[in-house]
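Asks: So you can see what is in the structure, the chains are spelled out below.
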Amino acid sequence: MALVIFIVLSVLCVAAVVAMIVSRNQAHNALFLVLAFACLGGVFGLLDAPFVAAAQVLVYAGAIMVLFLFAIMMFNLRQPFPPEKKRARVILAAVLALVLLAELVLAGGRALGGGSTAGIPADGAIADLGRLLFTDYLYAFEITSLLIVAALVGALALAGKKESE
Amino acid sequence: MIPPAAFFVLAVVLFVLGIVAFFVKKDLLTQFMAVEIMLNAGNLALLALAKAPGRADAQALVLFVITVAAAEAVIGLAIIVLVFRQRKSIRTDDLKDLKG
Chain A
734 MALVIFIVLS
744 VLCVAAVVAM
754 IVSRNQAHNA
764 LFLVLAFACL
774 GGVFGLLDAP
784 FVAAAQVLVY
794 AGAIMVLFLF
804 AIMMFNLRQP
814 FPPEKKRARV
824 ILAAVLALVL
834 LAELVLAGGR
844 ALGGGSTAGI
854 PADGAIADLG
864 RLLFTDYLYA
874 FEITSLLIVA
884 ALVGALALAG
894 KKESE
Chain B
51 MIPPAAFFVL
61 AVVLFVLGIV
71 AFFVKKDLLT
81 QFMAVEIMLN
91 AGNLALLALA
101 KAPGRADAQA
111 LVLFVITVAA
121 AEAVIGLAII
131 VLVFRQRKSI
141 RTDDLKDLKG
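Chains as they are written, first to last, in the numbering used here: chain A, 734 to 898; chain B, 51 to 150.
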């Protein structure tokens, strides 16, 4: 059963990303990405990481992609981009991608050979995660809040200026 | 039981697709989306490889990565908005000031 869910989710995810590459409409691209990130959230759930799955759906598929959609709204681009003229770039990108894919699969296959599949006990995983976040990673956690405040202020300072400047 | 290698292969495929999208697309916004795809593929690889040892540290790390990615998206989009205001375009073909 889990295998079926995994296959469906990963096919959906890859298909959404491929659709994003093919499509020329930026709003559609963002919506395809919402689908891809939601599917990835499901995959995270299959990896016994339910809290990360929830954060993925809420933060990525929700907040970040809505931010992208708002930015697309601000750009007010009237016409979609014209088709590409230079095919050489696309072919070069495809060849490089295939080489990288082969390389990563080879390296990963060697690294994963003979790995055990013990897994985290499902119950108490979130409690463990919370304990880790507020003990071992407490400083990192607090600094993250500082980082978010800095990003907020920085975004306001960058993009919040009047047009007259 | 799904082998961790399957998750890793999915992460690799997503990462490569993100790179393809980054090189094929020609507007800043979609390229930025491609970077987000690559970040997510990295997260997935981290979780997939950390499943076997059975510790929750990787999940904490992935949470931090998601948070930092959110901050990065905010700043990146602000910069793209600035570029659009100054140039009235976010096509990379129109941003050639550094080309000799």
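There's no promise every hint is true.
[To be verified] Pairs of lysine to any residue, SDA-like flavour, derived with a Cα cap of 25 Å:
| id | chain 1 | residue 1 | chain 2 | residue 2 |
| --- | --- | --- | --- | --- |
| 1 | B | Lys138 | A | Gly842 |
| 2 | B | Lys76 | B | Arg137 |
| 3 | A | Lys894 | B | Gln136 |
| 4 | B | Lys76 | A | Val886 |
| 5 | B | Lys138 | B | Ala56 |
| 6 | B | Lys138 | A | Leu802 |
Hints in this document: simulated from the structure, not taken from any laboratory.
Asks: Against the 25 Å threshold, does the CA-CA distance of lysine 894/A and glutamine 136/B hold or violate the hint?
Replies: It holds: about 12 Å lies between the C-alpha atoms, which stays within 25 Å.
Asks: Hey, lysine 76/B versus valine 886/A, does the alpha-carbon distance stay inside 25 Å?
Replies: It is violated: about 29 Å lies between the C-alpha atoms, which goes past 25 Å.
Asks: Against the 25 Å threshold, does the CA-CA distance of lysine 138/B and leucine 802/A hold or violate the hint?
Replies: holds, 18 Å
Asks: Would you mind confirming whether the straight-line C-alpha gap from lysine 76/B to arginine 137/B stays at or under 25 Å?
Replies: With a Cα-Cα distance of about 15 Å, the restraint between lysine 76/B and arginine 137/B holds, given a limit of 25 Å.
Asks: Lysine 138/B and glycine 842/A: Cα distance at most 25 Å?
Replies: Judged against 25 Å, a Cα distance of about 47 Å means the pair is violated.
Asks: Is the straight-line distance between the alpha-carbon of lysine 138/B and that of alanine 56/B 25 Å or less?
Replies: Violated - the C-alpha atoms of alanine 56/B and lysine 138/B are around 44 Å apart, more than 25 Å.
Violated hints, listed in ascending order, are 1, 4, 5; each of the other numbered hints is respected by the structure.
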